[in-house]
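So the sequence lines, in the order shown, correspond to chains Z and U.
In terms of my numbering, the first sequence opens at residue 1 and continues consecutively.
In terms of my numbering, the second sequence opens at residue 1 and continues consecutively.
Note that these hints are calculated values from the structure, not bench results.
Possibly wrong hints are sitting among the right ones.
Said to hold, decoys possible - Chain Z is faced by these chain U residues, among others (derived, beta-carbon under 10 Å): (1) Val94; (2) Pro122; (3) Thr251.
Claimed, not checked - Computed footprint of chain U on chain Z, listed as stretches where at least three residues anywhere in the stretch have a Cβ under 8 Å from a Cβ of chain U: (4) 97 to 105; (5) 116 to 125; (6) 180 to 191; (7) 194 to 203; (8) 248 to 256.
Just so you know, even glycine gets a beta-carbon here, dropped at the ideal spot from N, CA and C.
Protein chains: 2
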Amino acid sequence: MATPKLIALDWGSTSARAYLMSDESEVIGQRQVPLGILNVKDRDFEGALIELCGPWLLVRADTPIVAAGMIGSRQGWLEVPYVQCPAGLNQLAVGMKSVELAKQRKLWIVPGVSTAPGEMPPDVMRGEEAQIYGALTIAERTEGSGLFVLPGTHSKWVRVEDGQIVWFKTFMTGELFSVLSQHSIIGKLMAEGGPPDPEAFERAVDHAHRDPFGLSSQLFSARTLPLFDKLPATSIADYLSGLLIGHEIYTAERAMTAMNPQHDGVTLVGEVALVRNYQRALTLLGWSSTAAPAFPAASGLWRIADRAGLLGLRLQTLSLV
Amino acid sequence: MATPKLIALDWGSTSARAYLMSDESEVIGQRQVPLGILNVKDRDFEGALIELCGPWLLVRADTPIVAAGMIGSRQGWLEVPYVQCPAGLNQLAVGMKSVELAKQRKLWIVPGVSTAPGEMPPDVMRGEEAQIYGALTIAERTEGSGLFVLPGTHSKWVRVEDGQIVWFKTFMTGELFSVLSQHSIIGKLMAEGGPPDPEAFERAVDHAHRDPFGLSSQLFSARTLPLFDKLPATSIADYLSGLLIGHEIYTAERAMTAMNPQHDGVTLVGEVALVRNYQRALTLLGWSSTAAPAFPAASGLWRIADRAGLLGLRLQTLSLV
Chain Z
1 MATPKLIALD WGSTSARAYL MSDESEVIGQ RQVPLGILNV KDRDFEGALI
51 ELCGPWLLVR ADTPIVAAGM IGSRQGWLEV PYVQCPAGLN QLAVGMKSVE
101 LAKQRKLWIV PGVSTAPGEM PPDVMRGEEA QIYGALTIAE RTEGSGLFVL
151 PGTHSKWVRV EDGQIVWFKT FMTGELFSVL SQHSIIGKLM AEGGPPDPEA
201 FERAVDHAHR DPFGLSSQLF SARTLPLFDK LPATSIADYL SGLLIGHEIY
251 TAERAMTAMN PQHDGVTLVG EVALVRNYQR ALTLLGWSST AAPAFPAASG
301 LWRIADRAGL LGLRLQTLSL V
Chain U
1 MATPKLIALD WGSTSARAYL MSDESEVIGQ RQVPLGILNV KDRDFEGALI
51 ELCGPWLLVR ADTPIVAAGM IGSRQGWLEV PYVQCPAGLN QLAVGMKSVE
101 LAKQRKLWIV PGVSTAPGEM PPDVMRGEEA QIYGALTIAE RTEGSGLFVL
151 PGTHSKWVRV EDGQIVWFKT FMTGELFSVL SQHSIIGKLM AEGGPPDPEA
201 FERAVDHAHR DPFGLSSQLF SARTLPLFDK LPATSIADYL SGLLIGHEIY
251 TAERAMTAMN PQHDGVTLVG EVALVRNYQR ALTLLGWSST AAPAFPAASG
301 LWRIADRAGL LGLRLQTLSL V
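Could you put the whole structure together from the sequences, leaning on the hints where they help?
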């Protein structure tokens, strides 16, 4: 049986995932609990850690624990200052801070990344940096360059050059979908239970691209089309998703083409169904894209822990002896 | 004392306003109740009408009653089909439908307006048409042309040519402000009780204009600026308002300049504080604007009732005898 070498935590706002990794950097165990930092009561993060890791904490007391995500934010366990772009593995490893646990154990927390000081307004990520290095590792492009898109509540477009995060931009796409579905007049019209409607999604992507009046006007079409029986109530969610994803891709494309006319497609990193929607929208708008394996946070955390020397002598080094 | 001649109702989603008008078309009484159609229980619209009009219903049983707004929608008292653009006073007068009340009385409901059939997606207004004709009347431009902006939950940009509504576009500016303030991460950071911050508002208008990455990205700056102590928590609401109003004006300007390079300013129709914010943003973006008197619905309803023959022989006609 493989020897546990690292406990890697992807600890976000609403959920937390734990990966047990072998000395060959393979994931040999996974756990998930709904104890994102917003759901941890009375700041009992140690209790949440015990629930998240379960028996793994007991088996080997010297297995290092490394976490990325909102756990390192001001509302998290310990605020770990952002490292600024350009940021690579070295900056992330050096920027980690640790929380003291019982029995002289430590939890290491990876810093988030902020955009370069001149960039106004500033932009931030926490957790995505580990996913990006994981995606690079899995793709065997550890020192590569490229444009990464990480869809989600706060979707990120990230430019990596020679293994360094040099620039990124956040879009509130997922959060807009959520608040508009739950609290707006658009949500009031939505009905559940219908089949997925890819045509409605694609029509909305096209509309986001063509209609020149911008997002706050385009959104109103999710109200008027059902009113005129041109969109079934069960398809409104697909349509709204298409509008928001289409808006994100279209404005990103327009702005980035102006900044840098050359681009050779994007790498998508994230949850499978969401990545599939982004790929469809990207294809419609003329972009090529490839999908990274879902949730590469574990591989990224391994790389950061390794760079920080938490894994002892590295296997690659050993094999040279 | 002036003789009551018309009861004019501006009956929307969340509130309802009633105006008692004299035979010289002046407002001689005003009432307001929170009985917008969403707040009317068990569809007891007749009970709501009695509460809204109070003693006016009893004084003279033959005073006509005319209403505009969401009261004529599918969720209202009686659905009155939209009239299509181009739509003028005649179409609005002919398109009215009536609800039978007790004692052989009637409530006349003005139709809403929808965009021309070819326009996709369709767009709709209910209530704004009365305000526009009111603003034209007050400005003594009853057969005029111009671009009208009606800020609100669903802000409208309306082109009037020779006294006809020929085209319009809705922006969900007010509703986005409301749902993002109440339900998003941006709202979580907001603090109340500070002084108004016009500088934060203007900074946001400028950002909406300059940042090429579109609204869903720009919104994230309302989270990151407070995070880096570059925007006080008590100024986030002003900043968010500036982003959304700036986005509306900037995208409307860009799209409309492409459609029709000539424009000679806009007429703003709406609530005083909101109109003032729009005027500041319009000025920053290089537009000239004039503000119509607030809530001109009463004057517009008078015009429509008059055109429909509900007011009997018109004073102007009488004076010619």
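Ascending list of hint numbers which this structure does not respect: 1, 4, 7
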